[in-house]
Amino acid sequence: MSDTQFDKTWQKRTTRQELWLWLGWLALVAFFVFCWEVMNKNTIWAFVSDAPRQAMDIGSRMVPPRWDYLPSLMEPLWDTIAIATLGTLMALFMAVPVAFMAARNTTPSTRFVRPIALLIIVSSRSINSLIWALLLVAIIGPGVMAGIVAIAFRSIGFVAKLLYEAIEEIDAVQVEAVSATGASKAQIMDYAVVPQILPAFAGITVFRWDINIRESTVLGLVGAGGLGLRLQESLNVLAWPQVTVIFILILITVLVSEWVSAKVRHAII
Amino acid sequence: MSATAATSYPRTWSRPPFVKRAWLRWTLYLGALLYLILSVGSVEVNWVRVWEGLDRGLRFVEGFLVPDFTSRWEDILIGMEESLTMTVASTVVGVLISVPIGIGAARNIAPLPIYAICRAIIALSRSFQEIIVAILFVAMFGFGPLAGFMTLSFATIGFLAKLLAEDIEDIDESQAEAVRATGAGWWQIVNYAIQPQVMPRLIGLSLYRLDINFRESAVIGIVGAGGIGATLNTAMDRYEYDSAAAILILIILIVMAAEYSSGYVRKWLQ
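From first to last, the protein sequence lines stand for chains E and C. Per the numbering used here, the first sequence starts with residue 1, numbered consecutively. Per the numbering used here, the second sequence starts with residue 1, numbered consecutively.
Next up, chain C with everything else stripped away, as it sits in the complex (with noise of 0.2 angstroms):
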């Protein structure tokens, strides 16, 4: 008896395929693979650059070993107030312009037309990219960290108010209507009950985008916005690989220090 039930049971096992049509399966991987060898066949490297390159290379990594903060510690200065100054006036120039618009992009608080316009601000912000944005605010605006400023403003929006956007529509339900019940107004509903619960993650997404706004910064200015970038930029047209490692470490440490006192920040006000 035991053993007619023991063989009624498959006696191997095998793993269920990742997809479990086969023809589909087949046509997937041989088109990937296809796909493979056409890109790969299409990349054009000129090998005998490479190595020459190598040569670069390995200066470049001697620089990092040896950074030379002094000769261009000018230059590294004026870059670095720059960009830090632009993240911090686009962080909050940011925040402030999206706060409105991440309200109005909520769909439980905020009227359609009202919901519509904001949510094409943020669509419109998120597809483009900062550089290409920066392309454009250089042109208008002229050279400089304004532009810049204007750029990571304009990206923050639309970082910013989305995900505040769905924080609010995400909100417990229960809280607005206790306080609606009291007889509160609107502007008294988004005060007392949908503020409180979303504050403590607009502040932690406030300092994440403060996070991203000095990375994107950093590279900015070689599109002529301002900031380390366009330094960065000069060092290694110039070749001048120890100053371009000097900043690049410098980008290093602040983007760690933001990162870890970020976290902490986070942290104690959770």
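Chain E with its partners taken away, still in its complex shape (with noise of 0.2 angstroms):
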């Protein structure tokens, strides 16, 4: 009897398993051809063709990069990095409340009020800052301040979702502890909750600046002030020796400052 039970080879999923596998995978390209289909239905492919010879062109025009236009950028640089910062600063201020709303245990109330600090975490975060500037220069005019805003919108739900989990993971006997000496509501807060979270919470702003550092350098694309405004200008005239010495900008402020929000983060956690 055991010895038939041996002889069988074997096999990583019963035939039944196989076919319906093999049905979903083909299921999967037919979808695959479907959307490539209804996508290039207007797709030039004399374009396309062209489109080695056309990187070529644009290699060939983008160097050498135009060294001097690097001084004028210095201005621009500061705001992109000043729109990161007070950004980020300002999406602290409204995060952290909606934060405190949307964690399971600090909550006021799981039926209304965390509903909605939930949603405001959702609609932030769908919304892309550049879609978000893109709205805020329409409303306050172009310029820093829109960008401002624009980054700090985007960045409420990341901050505030990433900080709500924190605040959930929270170690309950800590709490316990300092409600036992008969402190208040405030002091369990400032004794008990905060210092728990406050190294995630340092660390997520340090990611999101990083990542928020990165969204800066494009929002001048729709009139948000920064790198962006310049680039476009650029783009607008095809003064691409003066584009490659923007991306190159971009590139290296975006490397500093991961390299900075790395080693921020390495010394606090």
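Rather than coming from a laboratory, the hints here were simulated on the basis of the structure. Check each hint, because a few of them may be wrong.
To be verified - Just a few of them, taken from the derived set where beta-carbon distance is under 8 angstroms, the chain E residues facing chain C:
hint: 1; residue: Q17
hint: 2; residue: N40
hint: 3; residue: M94
hint: 4; residue: V96
hint: 5; residue: S126
hint: 6; residue: I148
hint: 7; residue: F247
hint: 8; residue: I248
hint: 9; residue: V254
As the list claims (entries may be wrong) - With beta-carbon atoms standing in for the labels, derived distance ranges:
hint: 10; chain 1: C; residue 1: E173; chain 2: E; residue 2: Q174; range: 18 to 28 angstroms
hint: 11; chain 1: C; residue 1: L65; chain 2: E; residue 2: R104; range: 26 to 36 angstroms
hint: 12; chain 1: C; residue 1: Q195; chain 2: E; residue 2: R16; range: 19 to 29 angstroms
hint: 13; chain 1: E; residue 1: S60; chain 2: C; residue 2: A178; range: 51 to 61 angstroms
hint: 14; chain 1: C; residue 1: L269; chain 2: E; residue 2: Q11; range: 38 to 48 angstroms
hint: 15; chain 1: C; residue 1: E173; chain 2: E; residue 2: F31; range: 18 to 28 angstroms
hint: 16; chain 1: C; residue 1: R59; chain 2: E; residue 2: F31; range: 38 to 48 angstroms
hint: 17; chain 1: E; residue 1: R104; chain 2: C; residue 2: T182; range: 43 to 53 angstroms
hint: 18; chain 1: C; residue 1: L58; chain 2: E; residue 2: V113; range: 49 to 59 angstroms
hint: 19; chain 1: C; residue 1: K267; chain 2: E; residue 2: H266; range: 28 to 38 angstroms
As the list claims (entries may be wrong) - Listed next, the in silico SDA-like pairs over lysine to any residue satisfying Cα-Cα at most 20 angstroms (straight line):
hint: 20; chain 1: E; residue 1: K161; chain 2: C; residue 2: M256
hint: 21; chain 1: E; residue 1: K161; chain 2: E; residue 2: G203
hint: 22; chain 1: C; residue 1: K162; chain 2: C; residue 2: R126
hint: 23; chain 1: E; residue 1: K161; chain 2: C; residue 2: V19
hint: 24; chain 1: C; residue 1: K162; chain 2: C; residue 2: M80
hint: 25; chain 1: E; residue 1: K161; chain 2: C; residue 2: L253
hint: 26; chain 1: E; residue 1: K41; chain 2: C; residue 2: F143
hint: 27; chain 1: E; residue 1: K263; chain 2: C; residue 2: V19
hint: 28; chain 1: C; residue 1: K20; chain 2: E; residue 2: R265
hint: 29; chain 1: E; residue 1: K263; chain 2: C; residue 2: L24
hint: 30; chain 1: E; residue 1: K263; chain 2: C; residue 2: R201
hint: 31; chain 1: E; residue 1: K41; chain 2: C; residue 2: L112
hint: 32; chain 1: E; residue 1: K161; chain 2: C; residue 2: S262
hint: 33; chain 1: C; residue 1: K162; chain 2: E; residue 2: L251
hint: 34; chain 1: E; residue 1: K263; chain 2: E; residue 2: L251
hint: 35; chain 1: E; residue 1: K161; chain 2: C; residue 2: I37
hint: 36; chain 1: E; residue 1: K161; chain 2: C; residue 2: D211
Yeah, the Cβ is synthetic: ideal placement off N, Cα and C, and Gly gets one too.
Quick one: dock chain against chain with the hints and give me the complex.
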């Protein structure tokens, strides 16, 4: 009896499972082909086949970079960093209350306040900062201010989501210990909750600041100030050597901000 | 006796400071304050323009309350169609390309030269944002969703290949060893020892990237790479805030649906 059991060859899946898997892959491929067809119904393939030549052409026009353009980029660079930093700060002020309202263990009411906080988080996260900038440029006019508010609105969801998850994960024993000393609600917050989430909070802040530096470099494309504004100007007049300089500057800025944020996070956590 | 023991302990407690060294702490605080003052000072705000804009803001909020889906429905439909097909196509192609690159970028199964090449590709893809890549691809391929598709596929590589490579580096080595002990070749090790361990996560990451690609596809239209972003940009340029609100509501709904369903699928897979 037991011999026949061992005679079976090992198989990853049963025939039935294989069939379903195969059907699933077939459906996926069919869906992909359908999407590809719909997407490309207006594509002009002559332009596409021309792409390598275009790429060579742009490439040859992008070198040598116009380095004397660099000094005039310093002011937009300062603006870009200001947009990211002040935007992150503004986001923190708005995200902290939202996070406390969204966390299951600190929210005043799970039925009414929590869904509202979660809605704020979701809508902030699902709209890209460039779209926020597009709206805000229309409302408060072009410039650095629109960029700051756009970055802030975009970051609320991110910061609040990560922060409320950190709040939900805190150690309840510490809260109990502090409340056992007869501490008030505010004191419990101050001595038991905040110290536990502070490292996470600092980490999230720096992480978001790093992302915001990236995003604020291109906000100018829709008129919200910073390096993107110069990028837009240079692209409009097809000044490719200037575009190269801007790209290089953006790359350096992003790399430096990544390095700074990694250092700071390493120091905190 | 007990009294002296009690006094030998500190009677008061104060929080440890944020940074131990006092001079460093104060330099940091002062530097941050100085930077804040300078950067806030450099922000020029035209308050008259803001005041006038509040009126538009109000109209925008009104647009959100009464979104206009009908008058621009044709454009919205085309934009959405482009965005959604672009998202699916670019995710599929991006995943297909990033799997071999991810395997090549895992130090424990790839030889050094291949590892270096794959890591270089990942670094290149990650250091440029979608919108900048989109500008270049639009210049190369012309306006339209194909440029967007290329952009999103390219961006997918950096994201997925990096995470996949890290995942492969973190696998349980004993399983690979067990398969190797049966005399399996490199392909068989990848297929029987590594793939089963990373597959659930690969599917999860692909779904997550699908989500991200849709969000990005809503933006790259602003620089001409097709999708709903172009429609949104046009609506904003024409001050049609009710149409813009309708588009935004659709984007939010799709993103939310994608997030919930992908979370559900991921739970079901694991």
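Legend entry - Hint check, failures only: Failing hints, ascending: 1, 3, 4, 8, 10, 14, 15, 18, 23, 24, 30, 31, 35.
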